[in-house]
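Asker: Sequence:
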Amino acid sequence: MKAIITDLDGTILPSGGTISPQTLHALQTVGNRSIVRIVATGRTLFAARKFLTDDFPIDYLVFSSGAGIMEWKNKKILQAHHLSKEETQELATYLWEYNINFIVQQEIPDNHYFYYTDIYPAHRDYLRRLEKFRDYGTLISNPEEIRTPATQLIMILNDRQLALVEKIKQDLPRYSVIRSTSPLDNQAVWLEIYPSCVNKGYSCQYLLNFLKIATTDCAGIGNDYNDTDFLDICGKAYLVKNAPSPLLPHYRTVASDIQEGFSEFIAQIL
Numbered sequence: 096m097k098a099i100i101t102d103l104d105g106t107i108l109p110s111g112g113t114i115s116p117q118t119l120h121a122l123q124t125v126g127n128r129s130i131v132r133i134v135a136t137g138r139t140l141f142a143a144r145k146f147l148t149d150d151f152p153i154d155y156l157v158f159s160s161g162a163g164i165m166e167w168k169n170k171k172i173l174q175a176h177h178l179s180k181e182e183t184q185e186l187a188t189y190l191w192e193y194n195i196n197f198i199v200q201q202e203i204p205d206n207h208y209f210y211y212t213d214i215y216p217a218h219r220d221y222l223r224r225l226e227k228f229r230d231y232g233t234l235i236s237n238p239e240e241i242r243t244p245a246t247q248l249i250m251i252l253n254d255r256q257l258a259l260v261e262k263i264k265q266d267l268p269r270y271s272v273i274r275s276t277s278p279l280d281n282q283a284v285w286l287e288i289y290p291s292c293v294n295k296g297y298s299c300q301y302l303l304n305f306l307k308i309a310t311t312d313c314a315g316i317g318n319d320y321n322d323t324d325f326l327d328i329c330g331k332a333y334l335v336k337n338a339p340s341p342l343l344p345h346y347r348t349v350a351s352d353i354q355e356g357f358s359e360f361i362a363q364i365l
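Going by this note's numbering, 108 is the number at position 13 of the sequence shown; the sequence numbering is gapless.
These are calculated hints, taken from the structure and not from any lab test.
Treat the numbers as computed from the prediction; the structure is a model and nothing was measured.
Treat each hint with caution, since some may be false.
Using 20 Å as the maximum straight-line C-alpha spacing, the simulated PhoX-like pairs for lysine-lysine come out as follows [as the list claims (entries may be wrong)]:
#, residue 1, residue 2
1, K145, K171
2, K336, K307
3, K170, K145
4, K97, K307
5, K168, K97
6, K227, K145
7, K180, K145
8, K97, K262
Please construct the entire structure, taking both the sequences and the accompanying hints into account.
Answerer: Right, here's the structure in full:
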């Protein structure tokens with residue numbers, strides 16, 4: 096193997112926990128063998144850096160589900176994608192019709208700043224997110240109040256709204272519409288809208304091409320629907336056992352995130 100790709104939340108970062116010493120040791124072992132280490136996360140750069148220290152043992156961070164790529168050692172952003180202000184307002188107008196709250200994350204590197212709506216009733220995970228990042232949010236009452244380009248738009252759905260995932264994908268073929276699970280409660284379904292060229296798989300493929308590494312020489316591990324985009328390009332692809340059950344039959348599996356599944360993954364590919 097010449098490269099590994101791992102998700103963050105639910106893979107090497109358990110819900111409500113921290114990255115274990117065993118995981119750090121496994122990452123250091125891989126680095127000592129000159130294998131490129133890539134973390135691919137749905138988190139913004141700001142949110143990821145709450146858990147990834149400046150000397151964290153990786154080489155590249157793919158963040159915001161592939162909207163941005165950072166070379167970790169020198170903290171240089173290699174790639175960033177965004178929606179224009181006009182596209183963002185158009186998408187906000189479309190989403191407003193569903194009468195469901197949504198968030199508009201601003202442009203990289205400041206995409207921890209966001210606009211948000213206040214439509215009743217609000218999903219508990221939505222309220223939790225607003226509380227967690229309240230210092231960075233701006234309430235809007237119509238799409239015209241969006242003043243900047245955006246990295247993404249996020250809707251948080253309840254069980255009765257899951258059919259919207261496929262409908263919105265069909266309605267917005269010019270964009271990348273991604274389903275993921277909330278890193279806050281590990282249950283709520285997030286529907287995220289990005290520029291068409293954005294998902295974890297596209298950005299990991301771009302990075303591997305940049306590094307002149309064949310996908311057959313790359314192994315990946317994840318735990319959620321939005322990880323399949325990069326898992327499906329890897330020569331060896333794994334899930335931790337805490338992944339959604341519909342995904343498990345399609346990939347190799349290792350122990351759960353809290354049972355050191357990542358360390359097991361590294362042991363199997365070396």
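Asker: Now tell me, hint by hint, if it's right for this structure.
Answerer: Now the hints, each set against the structure:
For the proposed pair K145 and K171, the alpha carbon gap of about 18 Å is at most 20 Å, so the pair holds. Straight-line distance between C-alpha atoms of K336 and K307 comes to about 31 Å, which puts the hinted pair past the 20 Å bound. Proposed proximity of K170 and K145 is supported: the alpha carbons are some 15 Å apart, at most 20 Å. Restraint check: the Cα-Cα separation between K97 and K307 comes to about 10 Å, which is no more than 20 Å; the hinted pair holds.
As the CA atoms of K168 and K97 are separated by approximately 18 Å, the hinted pair is consistent with the 20 Å bound. Taken as a hint, the K227 and K145 pair is honoured in the structure, with Cα atoms around 13 Å apart against an allowance of 20 Å. In summary, the hint linking K180 to K145 is not supported, as the alpha carbons are separated by about 28 Å, beyond the 20 Å threshold. About 39 Å separates the Cα atoms of K97 and K262, which puts this hinted pair outside 20 Å; it is violated.
When the structure is compared with the earlier hints, violations turn up for hints 2, 7, 8 and for no others.
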